[in-house]
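Spelled out, the chains give:
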Amino acid sequence: MALCAEGASLTIQHKTLLQATDVQLVAGEITAICGPNGAGKTSLLRVLAGDASLSSGRVCLNDQPLAHWVATDRAQTLAVLPQHSSLEFAFAVEDVVALGRTPHNSGYQYDRQVVSAALAAIDGEQLRQRNYMALSGGEQQRVQLARVLAQLWEPSPHGERHLLLDEPTASLDLAHQVLLLNVLKNFAAQGVGICVVVHDLNLAARMADRLLIMQNGSIVASGSPVEVLQAELIAHVFGVHVELVAHPKHEIPLVVL
Amino acid sequence: MSRINPRTFLWLAALALVPAMLFGLLLGPITIPFSAITDSLLQPGLRTELNGELQSQFLILSQIRLPRMLLAALVGAGLAICGAAMQGLFRNPLADPSLIGVSAGASAGASFVIVFAGGWLQAGHGNETLGLSLMAAGAFSGGFIAVLVVYRLATSASGPLNRGTSVATMLLAGIAISALAGACNSALSFVADNDMLRRISLWQMGRLDGANWLRVIMAGLALVLTVVGLLGQSKALNALLLGESEACFLGIDVEQLKRRVVLLTALCIGVSVAVAGAIAFVGLVVPHIVRLLIGPDHRFLLPSSALLGALLLVFADTLSRVIVAPAELPVGIVTALLGVPFFFSLLVRQRTRVA
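Each protein sequence line maps, in turn, to chains Z and V.
First residue of the first sequence? That's 1 in our numbering, and the numbers climb one at a time after it.
First residue of the second sequence? That's 1001 in our numbering, and the numbers climb one at a time after it.
Treat the hints as calculated values from the structure; they're not laboratory data.
Only a predicted model underlies this, so the values are computations on that prediction, with no experimental measurement involved.
Cβ coordinates follow ideal geometry from the N, Cα and C atoms, glycine included.
Treat each hint with caution, since some may be false.
Claimed, not checked - Per label pair, the in silico range of CB-to-CB distance: (1) 106(Z) x 1225(V): 28 to 34 Å; (2) 70(Z) x 1225(V): 51 to 57 Å; (3) 13(Z) x 1152(V): 14 to 20 Å; (4) 1228(V) x 84(Z): 32 to 38 Å.
Said to hold, decoys possible - Negatives, chain Z to chain V, calculated, CB over 12 Å: (5) 70; (6) 73; (7) 90; (8) 148; (9) 257.
Said to hold, decoys possible - Here are some chain V residues pointing at chain Z (derived, C-beta under 10 Å): (10) 1003; (11) 1172; (12) 1187; (13) 1239.
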């Protein structure tokens, strides 16, 4: 039971964004994708989300090709948090989070409980009645996160759940980055397979069970953070010379400029 | 946020319709006393006696004012709910049937039918039902093509990631469509004879003075279909506000949703143009006011817009009959006078985003 891409390629207007890529996201694991700008991180995420028409290969969710899924069943099993949100209507925050309950028919009362719990999980209870349009970028990002959490809140009858997040930490302050880390770890512990695009290599190493490094539309390294984070690889991929030192508490390397 | 409870608002709007309709019935070039309504309804016997005044008042009420007021309510409700649904579809609060060329497309379609089928209809083959249905079909086709073209242009302009629709492109496409429809109208006017010309000019300026029971029934049928159809899509429309991809991730069949909304709005606008011409700005102003008061949730926005749209057009129609009595202004002028300042204020607020 997993979300996997097999030989997936994506070409848009003669530009290859993703080259015959194989990925397997395992339930209960956090996979982080790192790489320079334009390396194909978002493309890979869109392919896994079924949001792009592949030029070759296929994507399977729990052993069934994504295209064969009934839309609402899939939405109960796979949730996606895009990089930017284009919501331009003045919903109250709780209504935005409640949109995550769209694929479920679990009733108004139960949905309200899920919305409360999801807001609590992202430290957003005090935002509940606020106007979404009046929030700061970081607050909006947390609210969108609560929305996808609410979408995958309970085990799906259609197999293991998977959550894809595109740079969820981009506009979060340090405290909320740590909060996000813990929320994702919690979700993974419940058996949700998580794939997250992050720019900060140290944050990626801290949260991920598995780290993928992408360059020019291909995965160039994959493995545990300790295996992947090597000075030569970072120099090769990012063109930056870094030092690696041991984390004082955890078994991961720290990338230092 | 300080907003009104949506359910309370629905009840208030429904309640406010009652006095508005009553005033609409009683006011006009001839003011009818309230007792005329009660007398003619409760004591039909009085009418048949030699009571000439009550007799004529009853005729005015039943043959002129009542169908006209109902038509105003139905058309207003239809325009407003379509405006709300289109703004949801375009994810843009400036989408309005009259601004993005749907009404213009529809009136060009109606003119087309008047010119090319009018002669045939007048030759004695047709009756009013057939003529009006044909006109509605023409208006529907014109409106349908206009929505499709504008939607295609506005969504593809936003780039391969398809995030949102481009406001500028949408409004520009609306201008282009309106210009094209205007050109078609002019060309059709050029070949039309006098009688056709008079009828064509009717569609370009919304007016309700042609109201009769047949039109009320047609508008009623179209409105019922549209309201039932759109209310069924309200949860999906909410999800669509997040963006097309996001709605898809939430299990919404976006293509099907778009097809349904486009079809239903084209139907409703087409029929409303056929029975009352192109009445501007109701579809823009009403959903905006409702959103400010109760928020953007389509489950409440759609029915509330319908009620408030009915209220606004009944009010505007009463106004149009009273201010220059015994003559009357076409109601489209009144709604435009109310709507244009409102539209300007919206544009000023949106200026940064349009640019």
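Structure-based check of each hint:
Restraint check, residue 106(Z) to residue 1225(V): a C-beta distance of roughly 31 Å satisfies the suggested window 28 to 34 Å. Here the CB-CB span from residue 70(Z) to residue 1225(V) is close to 28 Å, at odds with the stated 51 to 57 Å. In this structure, residue 13(Z) and residue 1152(V) meet the distance hint of 14 to 20 Å, their C-beta atoms being roughly 18 Å apart. At roughly 35 Å, the beta carbons of residue 1228(V) and residue 84(Z) sit within the given window of 32 to 38 Å.
Separation of residue 70(Z) from chain V is inadequate, the least Cβ-Cβ distance of about 8 Å not exceeding the 12 Å criterion. With a minimum CB-CB distance of about 8 Å to chain V, residue 73(Z) fails to clear the 12 Å threshold, and the non-interface call is violated. Some Cβ of chain V comes within 12 Å of the Cβ of residue 90(Z); the nearest lies about 6 Å off, and the non-interface call is violated. A beta-carbon of chain V is positioned within 12 Å of the beta-carbon of residue 148(Z); the least distance is around 8 Å.
With a closest Cβ-Cβ approach of about 32 Å to chain V, residue 257(Z) is found to remain outside the 12 Å limit, as its non-interface label requires. Interface restraint check for residue 1003(V): the shortest CB-CB distance to chain Z comes to about 8 Å, inside 10 Å, so the restraint holds. Interface restraint check for residue 1172(V): the shortest CB-CB distance to chain Z comes to about 19 Å, outside 10 Å, so the restraint is violated. Because the closest C-beta pair between residue 1187(V) and chain Z is about 39 Å apart, greater than 10 Å, the hint is violated.
Hint on residue 1239(V) holds. Least Cβ distance to chain Z is approximately 5 Å, under the 10 Å limit.
Figure legend: structure checked against the earlier numbered hints; hints not met, in rising order: 2, 5, 6, 7, 8, 11 and 12.
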